[in-house]
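**Q** Please work from the sequences and hints to get the whole structure.
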Amino acid sequence: MDQNGGSVIAMVGKDCVAIAADLRLGNQALGISGNFQRVFPVTDRIFMGLPGLATDVATLHERFRYRVNMYTIKEGREIEPETFAHLVSSTLYEHRFGPYFIEPVMAGISKTPTGKIKPFIAATDLIGCLNFAKDFVVAGTASTKLYGVAEGLWEPDLEPEDLFETISQTMLNAVDRDAFSGWGAVVHIITADKVITRTLKGRMD
Amino acid sequence: MANADGGAYSYSLTVFSPSGKLVQIEHALAAVAGGTTSLGIKASNGIVIAAEKKTSSILIDDSVIDRVAVICPNIGIVYSGMGPDFRVLVTKARKSAQAYWKIYGTYPPTRVLTQEIATVMQQATQSGGVRPYGVSLLVAGWDSHRGPTLYQVDPSGSFWAWKASAIGKNMVNAKTFLEKRYNDDISLEDAIHTALLTLKEGFEGQMTEKTIEIGVITVPTPEELEAESPDGITGRVKPTFRKLTEEEVRDYLSL
Numbered sequence: 001m002d003q004n005g006g007s008v009i010a011m012v013g014k015d016c017v018a019i020a021a022d023l024r025l026g027n028q029a030l031g032i033s034g035n036f037q038r039v040f041p042v043t044d045r046i047f048m049g050l051p052g053l054a055t056d057v058a059t060l061h062e063r064f065r066y067r068v069n070m071y072t073i074k075e076g077r078e079i080e081p082e083t084f085a086h087l088v089s090s091t092l093y094e095h096r097f098g099p100y101f102i103e104p105v106m107a108g109i110s111k112t113p114t115g116k117i118k119p120f121i122a123a124t125d126l127i128g129c130l131n132f133a134k135d136f137v138v139a140g141t142a143s144t145k146l147y148g149v150a151e152g153l154w155e156p157d158l159e160p161e162d163l164f165e166t167i168s169q170t171m172l173n174a175v176d177r178d179a180f181s182g183w184g185a186v187v188h189i190i191t192a193d194k195v196i197t198r199t200l201k202g203r204m205d
Numbered sequence: 001m002a003n004a005d006g007g008a009y010s011y012s013l014t015v016f017s018p019s020g021k022l023v024q025i026e027h028a029l030a031a032v033a034g035g036t037t038s039l040g041i042k043a044s045n046g047i048v049i050a051a052e053k054k055t056s057s058i059l060i061d062d063s064v065i066d067r068v069a070v071i072c073p074n075i076g077i078v079y080s081g082m083g084p085d086f087r088v089l090v091t092k093a094r095k096s097a098q099a100y101w102k103i104y105g106t107y108p109p110t111r112v113l114t115q116e117i118a119t120v121m122q123q124a125t126q127s128g129g130v131r132p133y134g135v136s137l138l139v140a141g142w143d144s145h146r147g148p149t150l151y152q153v154d155p156s157g158s159f160w161a162w163k164a165s166a167i168g169k170n171m172v173n174a175k176t177f178l179e180k181r182y183n184d185d186i187s188l189e190d191a192i193h194t195a196l197l198t199l200k201e202g203f204e205g206q207m208t209e210k211t212i213e214i215g216v217i218t219v220p221t222p223e224e225l226e227a228e229s230p231d232g233i234t235g236r237v238k239p240t241f242r243k244l245t246e247e248e249v250r251d252y253l254s255l
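Residue numbers (UniProt numbering), protein chains in the order written: chain A, 1 to 205; chain B, 1 to 255.
Note that these hints are calculated values from the structure, not bench results. Source: prediction; values computed, not measured. Worth double-checking, as some hints may not be accurate.
[Unchecked claim] Derived DMTMM-like pairs: lysine to aspartate or glutamate, alpha-carbon spacing no greater than 25 Å straight-line:
1) B/K95 x A/E94
2) A/K14 x B/E224
3) A/K74 x B/E116
4) B/K238 x A/D44
5) B/K92 x A/E94
6) A/K116 x B/E116
7) B/K102 x A/E78
8) A/K14 x B/E223
9) A/K134 x B/E224
10) B/K102 x A/D193
11) B/K163 x B/E189
12) A/K14 x B/E226
13) A/K118 x B/E223
14) B/K102 x A/D125
15) B/K92 x A/E75
16) A/K111 x B/E226
17) A/K118 x B/E226
18) A/K111 x B/E223
19) A/K118 x B/E224
20) A/K116 x B/E224
21) A/K134 x B/E226
22) B/K102 x A/D15
23) B/K163 x A/E75
24) A/K111 x B/E224
25) B/K102 x A/E94
26) B/K238 x A/E78
27) A/K14 x A/D56
**A** The structure is reproduced here in structure tokens:
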């Protein structure tokens, strides 16, 4: 899992969610790219981060795109965040004894039956064990550091602008303590009506 | 014969006639039309499906017979035609619903499950050594995307949605009766009442709680949906389809 490096975090805010990832792609200690995308939109309201082996990032992105497209066409509707999380889990478990070296992180917004906004985050391990946290989920080479900083900085019901500051500081400071993560970061703030994407300026060492 | 090419059974038994018909499917529909009546009515707040439970002898223990079957918590089916073919399709439908649950963590929407069943039935019209299924099905289900829906699936594998319909022996009269009595905002209670009246029209013999079966979909309100699983992730799903007990059927009959 530390062949290429990289880390992802997702956090819950007030009627919004945020997902952030670093941009480094390396070959062990040698840094190759500061522009590697590992967070992808699944639908307008669901984003997925794929930290781990870079070849599996590409393959899993394509596999999930295929499965979600088939779902959308067959059911005539967009997939819900909870349903997508289960789809991720069952897809990974199919390779229980020869897994993808990825620990996906998902963030999205859904609506309750009465119409309230429900922010959603989830993560799985590399063989599909689901984790539905209520505050934040982390994965990647800097995951231990992300846990530490997030635990300190996160509080419930942060507005989108405050959530952005919180998740950005968490990401920047955590990856600065990890040799295999960093070289820039990207943050997506997802609200009910729009997604704002910002690229962070961080230490390039 | 154990030929590598399949021998006499390597081709489909359902072949086109010169007029463009699949005669085997016509015969299968005849088997359906000779079967005991069943019907379904979609109401504004639910669906009712019902069937006659006609037995050929009074010695038969009819408590074991199942005309209305539960597939998963939100979908039930009723049929007209050959009982054994229905049994096999119910098993396949149940397995299909569980396979969907294994992947997505939720039960399939009605139309998706109906499509799976219809595919199974179509494959029996285009495969070697098999005959079409001798049943038509009425599939009643609820999902959060489309609400309550009622589909009919025929031996050919074609399916379509109904607001109200009947299949089997008395279907022409029953459908005429339903056309007169149906309106778009009928309530579930009225629909059950209408279903019983419709069945009664063509009923030979006594209609009691032992000679009919009723299945009901009750549409949950948004509040109920939210209340049952507070974070929408865990918890068993509350069933929306259930079969009425004999006592409940008796109560409706006495109205």
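**Q** Each of the hints needs a verdict: does it hold here or not?
**A** Now the hints, each set against the structure:
With a C-alpha separation of about 18 Å, the suggested pairing of B/K95 with A/E94 holds against the 25 Å cut-off. At roughly 24 Å between alpha-carbon atoms, A/K14 and B/E224 fall within 25 Å of each other, so this suggested pair holds. Of the supplied pair hints, the one linking A/K74 and B/E116 holds, its CA atoms being roughly 11 Å apart against a limit of 25 Å. As the CA atoms of B/K238 and A/D44 are separated by approximately 29 Å, the hinted pair breaks the 25 Å bound.
In summary, the hint linking B/K92 to A/E94 is supported, as the alpha carbons are separated by about 22 Å, within the 25 Å threshold. Between the alpha carbons of A/K116 and B/E116 the distance comes to roughly 33 Å, so the proposed pair goes past 25 Å and is violated. Of the pairs offered as hints, the one joining B/K102 and A/E78 holds, with about 19 Å between alpha carbons and a cut-off of 25 Å not exceeded. A C-alpha spacing of about 22 Å is found between A/K14 and B/E223, which places the hinted pair at or below 25 Å, so the restraint holds.
Between the alpha carbons of A/K134 and B/E224 the distance comes to roughly 23 Å, so the proposed pair stays at or under 25 Å and holds. A C-alpha spacing of about 31 Å is found between B/K102 and A/D193, which places the hinted pair above 25 Å, so the restraint is violated. A C-alpha spacing of about 16 Å is found between B/K163 and B/E189, which places the hinted pair at or below 25 Å, so the restraint holds. Using a Cα cut-off of 25 Å, the hinted pair A/K14 and B/E226 holds, with the two alpha carbons roughly 19 Å apart.
Among the hinted pairs, A/K118 with B/E223 is consistent with the structure: their alpha-carbon atoms are about 15 Å apart, no more than 25 Å. About 18 Å separates the Cα atoms of B/K102 and A/D125, which keeps this hinted pair within 25 Å; it holds. This hinted pair checks out: B/K92 and A/E75 have alpha carbons roughly 20 Å apart, not beyond 25 Å. Between A/K111 and B/E226, the direct Cα distance comes to roughly 11 Å. Compliance with the 25 Å bound is thereby established for this hinted pair.
Our distance criterion of 25 Å between C-alpha atoms is met by A/K118 and B/E226, whose separation comes to about 11 Å. A distance of roughly 13 Å separates the Cα atoms of A/K111 and B/E223; the hinted pair therefore holds under the 25 Å criterion. The suggested pairing of A/K118 with B/E224 holds, with an alpha-carbon distance near 17 Å, which does not exceed 25 Å. Under the criterion of a C-alpha separation no larger than 25 Å, the hint pairing A/K116 with B/E224 is consistent with the structure, at around 14 Å.
Of the supplied pair hints, the one linking A/K134 and B/E226 holds, its CA atoms being roughly 17 Å apart against a limit of 25 Å. With a C-alpha separation of about 30 Å, the suggested pair B/K102 and A/D15 falls outside the 25 Å cut-off, and the hint is violated. Restraint check for B/K163 and A/E75: the C-alpha separation of about 21 Å stays at or below 25 Å, so the hint holds. In summary, the hint linking A/K111 to B/E224 is supported, as the alpha carbons are separated by about 15 Å, within the 25 Å threshold.
Of the supplied pair hints, the one linking B/K102 and A/E94 holds, its CA atoms being roughly 11 Å apart against a limit of 25 Å. Under the criterion of a C-alpha separation no larger than 25 Å, the hint pairing B/K238 with A/E78 is consistent with the structure, at around 23 Å. The straight-line distance between the Cα atoms of A/K14 and A/D56 is roughly 33 Å, outside the 25 Å bound, and the hint therefore fails.
When each numbered hint is compared with the structure, violations occur for hints 4, 6, 10, 22, 27.
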